[in-house]
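**Student:** Listed below are the residues making up each chain.
Number of protein chains: 4
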Amino acid sequence: MGKAHALAYRSAGAVFGDLPPVRLARFCDTPPERARTLSAQFGFDAVTDDWTALVADPAVDIVSITTPNASHREMALAAIKAGKHVHCEKPLALTLDDAHEMEAAAREAGVRTLVGYNYIHNPMVRHARKLVADGTIGRPVHFRGWVDEDYQADPDLPWTWRSSRADAGLGALGDLGCHLVSISHVLMGAIESLVADTQIIHETRPLPDGTGRAPVENEDTASAILRFANGAQGTLCTSRSAWGRKNKLDWEVHGTRGMIAFSQERLNELQLYVDDGPRGEQGFRTILAGPEHPPYGAFCPAPGHQLGFGDLKTIEVASFLRAIAAGEDAFPTFTDARAFERAIHAIDVSAREGRRVTF
Amino acid sequence: MGKAHALAYRSAGAVFGDLPPVRLARFCDTPPERARTLSAQFGFDAVTDDWTALVADPAVDIVSITTPNASHREMALAAIKAGKHVHCEKPLALTLDDAHEMEAAAREAGVRTLVGYNYIHNPMVRHARKLVADGTIGRPVHFRGWVDEDYQADPDLPWTWRSSRADAGLGALGDLGCHLVSISHVLMGAIESLVADTQIIHETRPLPDGTGRAPVENEDTASAILRFANGAQGTLCTSRSAWGRKNKLDWEVHGTRGMIAFSQERLNELQLYVDDGPRGEQGFRTILAGPEHPPYGAFCPAPGHQLGFGDLKTIEVASFLRAIAAGEDAFPTFTDARAFERAIHAIDVSAREGRRVTF
Amino acid sequence: MGKAHALAYRSAGAVFGDLPPVRLARFCDTPPERARTLSAQFGFDAVTDDWTALVADPAVDIVSITTPNASHREMALAAIKAGKHVHCEKPLALTLDDAHEMEAAAREAGVRTLVGYNYIHNPMVRHARKLVADGTIGRPVHFRGWVDEDYQADPDLPWTWRSSRADAGLGALGDLGCHLVSISHVLMGAIESLVADTQIIHETRPLPDGTGRAPVENEDTASAILRFANGAQGTLCTSRSAWGRKNKLDWEVHGTRGMIAFSQERLNELQLYVDDGPRGEQGFRTILAGPEHPPYGAFCPAPGHQLGFGDLKTIEVASFLRAIAAGEDAFPTFTDARAFERAIHAIDVSAREGRRVTF
Amino acid sequence: MGKAHALAYRSAGAVFGDLPPVRLARFCDTPPERARTLSAQFGFDAVTDDWTALVADPAVDIVSITTPNASHREMALAAIKAGKHVHCEKPLALTLDDAHEMEAAAREAGVRTLVGYNYIHNPMVRHARKLVADGTIGRPVHFRGWVDEDYQADPDLPWTWRSSRADAGLGALGDLGCHLVSISHVLMGAIESLVADTQIIHETRPLPDGTGRAPVENEDTASAILRFANGAQGTLCTSRSAWGRKNKLDWEVHGTRGMIAFSQERLNELQLYVDDGPRGEQGFRTILAGPEHPPYGAFCPAPGHQLGFGDLKTIEVASFLRAIAAGEDAFPTFTDARAFERAIHAIDVSAREGRRVTF
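Protein chains in written order, with full-length UniProt numbering: chain A, 1 to 359; chain B, 1 to 359; chain C, 1 to 359; chain D, 1 to 359.
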């Protein structure tokens with residue numbers, strides 16, 4: 001993910017003509033040798049293996065944090081304290097308390113923040129938001145979302161820090177589910193309350209050193225039924241143990257006049273159904289990403305040529321650079337991200353306590 | 001639906017060589033003129049517009065009930081009392097109490113019963129069950145199902161009996177959701193408990209006579225999170241107001257070694273992923289229905305030629321005729337159907353009372 | 001295929017209310033025992049193992065011929081001579097001369113004929129024809145068609161009569177390619193000229209008795225570039241050795257204002273693109289078969305429930321019965337079929353002689 | 001396309017750790033103001049509006065040519081003469097004679113060349129090549145390819161230089177068809193002979209200045225039937241007037257044991273069918289691009305996250321930089337490209353002269 005950020009910061013200015021100039025000033029990784037190699041590869045001005053030095057460095061204006069989730073809080077707080085703008089990968093924090101602390105610190109310091117919920121920067125998601133806002137599908141009344149991968153599907157995989165609440169926080173919800181919440185916020189607005197259940201499929205996993213088995217402490221799957229503030233309902237499901245799914249973040253917005261559906265594994269397509277024209281010629285349209293879906297055209301002048309994962313990250317970075325230059329907030333800030341992540345923690349609470357959680 | 005039954009009883013013996021002979025003995029409909037026309041079209045021996053005469057007629061061995069849901073109970077009880085085997089469309093009854101009464105009557109009378117949950121007779125669903133039973137995808141640990149149509153999506157549709165609890169019972173759950181439960185039973189076994197929520201999207205609809213608007217009393221959408229007796233979890237979602245969905249009954253069975261996925265709108269296809277062979281060549285396989293998936297071959301000797309909705313009904317009818325001849329139960333009996341329908345009523349209860357319902 | 005006809009004649013009247021009454025009068029097959037068994041299963045009045053008796057029987061008005069291709073000519077001529085209407089499976093004949101003789105005999109005798117090009121009876125193909133005729137996609141300017149199966153893909157399959165020119169006539173063109181021609185005629189009109197090439201992939205196959213190998217005399221694949229009388233161009237490709245393809249008869253009609261695409265393996269779907277509305281919301285629409293696409297509604301009142309292969313045959317039979325009753329030609333007659341089959345023989349000639357064939 | 005090259009040269013070193021360092025030395029465009037703006041945006045060291053100065057500049061080692069096709073020859077020859085390595089967009093040249101001259105000049109000068117047939121650098125195409133080479137689908141016996149767009153579909157589009165033989169050379173074949181040839185070469189080897197036909201759909205177009213209409217001189221569609229040197233046959237079809245197709249470059253390789261299919265509009269997927277395992281579980285597998293398909297992993301460590309058009313260009317650039325550093329040829333050189341483009345010119349000749357063209 002660090003590489004994805006480096007590539008995006010490196011490319012953004014060349015892709016978009018309206019950005020302030022950017023230098024890749026300081027690179028930090030460990031061990032030092034690896035840091036030096038990668039810094040050279042990515043084209044940074046200088047390198048360190050001490051992140052505290054980096055965040056304090058006057059040459060640095062923006063700190064990008066792409067380390068494991070458990071370190072986000074400490075690094076972000078230090079960077080904020082040093083007056084840096086902070087671009088942090090998702091999830092923002094392991095706990096809502098941490099997220100709140102980070103959000104408050106940033107607000108107090110007056111720095112700009114951005115959290116890497118990059119799927120909402122997809123031109124097709126932006127177009128979906130526009131269609132919803134325009135009323136093309138009428139009033140949005142229902143939302144369905146799933147996000148599945150299979151990186152924890154194999155029963156024989158060894159135990160890692162990912163299975164530890166202390167190190168990783170939530171499981172599928174923290175890795176995957178929070179992406180879906182970010183999209184539901186963009187398309188449907190805030191969640192008001194929910195009921196949920198979670199499941200640990202593989203209760204223990206073998207320790208890598210062969211000394212036995214250790215418990216899996218966080219969820220392999222989660223399912224939630226949502227009520228949105230706008231009166232709509234919906235569901236949110238996630239699994240990290242869904243064989244064959246590689247990045248299957250799919251969603252549907254049901255409206256009173258039509259429907260929009262999307263699948264991240266085909267991120268350049270949007271499905272649109274509108275109750276319009278002769279019934280015998282109605283059907284879901286497969287819209288292919290093209291220049292009509294900004295900022296696709298900044299990458300390619302011809303439709304159907306496909307953006308990739310890295311391009312979405314470049315769009316995200318550009319939005320941050322533009323916001324900082326304009327003295328405005330990008331989206332989603334730490335505050336926005338905390339609102340997203342409130343939902344995944346509520347799902348966890350609802351499942352553990354067997355009750356509806358209302359915000 | 002009456003026509004679908006008539007066609008299926010007419011064809012079943014010709015499709016399958018192993019069935020007892022069947023005559024289309026008596027046909028009932030109203031008004032009399034319509035009954036006569038359709039009886040002649042379908043090829044019945046005789047016609048009536050009095051269903052009580054039909055169920056009492058000694059020429060009749062099996063009574064097929066395809067009337068609106070509210071009449072199932074009375075007709076089935078009368079037919080059972082007359083000692084007939086009963087083939088009833090789904091849902092079996094408006095309430096669980098009714099279903100229980102019908103089930104008990106049939107058991108006591110020693111007649112055979114079958115409820116028209118016809119999607120479980122699809123050769124591809126049968127093949128899926130076989131794959132699950134064989135362990136091809138390992139242990140089944142998660143289930144997802146959706147069933148959406150759009151027959152109540154249009155906000156301007158007039159009010160009908162479908163919106164009345166007294167006349168129609170449940171809404172999307174009774175029309176659509178129960179199908180999904182039948183499939184989850186076949187693939188995953190019994191449901192142990194659930195939490196759910198439901199939603200009425202269009203709270204009132206215009207009365208057809210223009211005198212005002214009347215309330216919609218039953219759910220447009222329902223969402224449930226399931227715990228199965230085998231330890232698996234899952235979700236079940238349904239909407240009758242999902243624009244563009246015509247019969248989108250989709251489901252996934254997640255196993256510890258693979259996944260099966262299916263979509264009723266492409267009922268001749270099964271998606272199978274197995275963690276097998278080189279990772280770089282793994283992917284969901286689209287299996288096309290063919291003679292390897294019995295009883296497809298009874299309809300067509302070549303794969304890829306497609307069965308239709310009517311063919312599934314013919315398979316259902318054949319299974320009933322075969323069971324009666326063998327003195328065995330077909331599947332699903334009234335007892336099985338009551339178990340299915342228990343789930344949709346539990347979803348309704350959970351939604352209204354805001355609590356987990358455990359069976 | 002005989003079973004498909006029997007089932008269709010058995011069902012047609014019950015499906016469609018406007019047909020003259022039909023009896024399954026005489027059934028012929030060999031050996032006699034098999035004939036008796038199947039006759040009883042299908043519900044025929046009487047049975048024979050002598051087809052000459054059947055075609056002469058005064059109880060018979062329509063003769064349905066579903067025997068191997070090499071016997072079509074003799075049987076059809078005898079039936080025509082006896083004054084029967086003839087429903088013959090495709091291809092009509094092994095050679096164009098045979099087809100011509102059969103067509104002339106039928107015309108002279110004044111009997112009605114129908115050839116089993118049943119895919120053109122698909123409601124979605126009929127709808128496509130309507131869209132083309134209506135100008136929905138502008139002027140049709142290009143056609144692409146493919147029809148692939150894999151029943152001769154396995155290199156180890158034994159030699160059969162299918163590989164013999166004398167017994168089977170053409171290869172993939174006769175089994176599959178002619179279906180595509182029937183569709184191109186319906187959608188684009190007559191072919192004016194073509195250039196083509198063919199290929200025998202497996203030049204010999206092992207004899208079933210283990211005595212060696214015999215040559216494959218007819219094409220495994222064929223490819224043709226077509227010029228239509230209306231000025232359009234197009235291609236037609238077929239293979240009987242295309243692994244994984246079960247009935248992949250796909251086609252596209254390119255118009256000056258839109259495109260229609262279809263795939264027989266998903267025969268209840270039509271893809272439609274029209275240059276209409278905002279460019280950013282354009283896309284191929286997947287239209288699902290429903291009551292708006294006659295005669296789908298005769299089988300099922302709800303869209304998305306899917307017709308099957310057998311249903312297409314029932315529509316074909318109904319069109320024949322209706323035509324006979326009305327004293328009109330059904331479509332396609334022997335004359336129409338000869339026009340279709342002229343194209344597949346021309347492809348063979350073009351490939352063998354290396355020249356353009358013009359009609 | 002110039003931007004795509006600039007972005008790719010800018011990113012390649014950061015994506016791949018094994019490349020020699022690269023500077024964006026000189027940028028040329030017209031008018032000067034535009035050149036200055038874009039040069040700054042892309043991050044070049046210096047800018048000019050005189051391409052002859054650029055190709056002569058000692059600071060330049062590699063010249064990348066992304067200008068309209070008609071200028072490739074002159075620019076490439078000048079660059080070669082100046083001893084530069086040349087990276088030229090496809091098609092290499094308007095005529096085969098030009099291509100030959102360019103190829104000969106490069107060979108004589110000993111410079112490295114690369115032509116921008118970038119779809120062959122897609123990890124999924126590389127994987128397909130590997131599968132063919134490994135014999136996974138047996139012996140490749142048939143190839144089908146289509147490449148369609150709709151940028152010339154609208155009958156009302158004004159006349160441009162694209163319609164002129166002198167300015168643009170071939171039509172759909174030069175823009176699109178040559179891509180398909182590059183893929184067929186990679187997967188099937190050299191073409192031996194072909195027969196073809198072409199079509200101009202819109203014979204004239206309105207002049208932009210409103211003074212009348214001008215003729216379209218090059219083909220809107222082309223269709224060819226190929227014989228490969230390895231004995232296989234196949235087809236190649238292209239249209240620039242195919243409504244709804246945005247970059248639909250699809251192909252199939254039919255083998256004696258399986259099939260591979262691909263669609264550029266879903267460039268991160270490969271379809272694979274192998275006759276392996278139980279027939280009832282066989283089907284086309286949708287393989288999603290992931291780290292098992294090098295060099296996908298250089299962009300993203302997780303499968304299913306999707307590469308885009310720009311990433312394919314980055315892979316292409318990396319292969320050129322690596323080849324130059326190693327003193328080897330990249331693929332495809334001018335010589336390779338001339339072999340590809342020989343086929344599209346042969347299609348044109350075959351269509352115009354009505355004869356088979358043999359190489």
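Warning: the hint list may mix true and false statements.
You can't tell identical chains apart in this list, so a pair holds if it fits in one copy or across any two.
List of simulated lysine-lysine pairs, DSBU-like, C-alpha gap at most 35 Å [what the hints assert, rightly or not]: (1) K3 / K130; (2) K81 / K248; (3) K130 / K81; (4) K81 / K3; (5) K248 / K3; (6) K248 / K130.
If you are wondering where the hints come from, they were derived from the structure by calculation, not from laboratory data.
**Student:** Hint by hint, where does the structure go against what was stated? Just the numbers, ascending.
**Tutor:** Failing hints, ascending: 2, 3.
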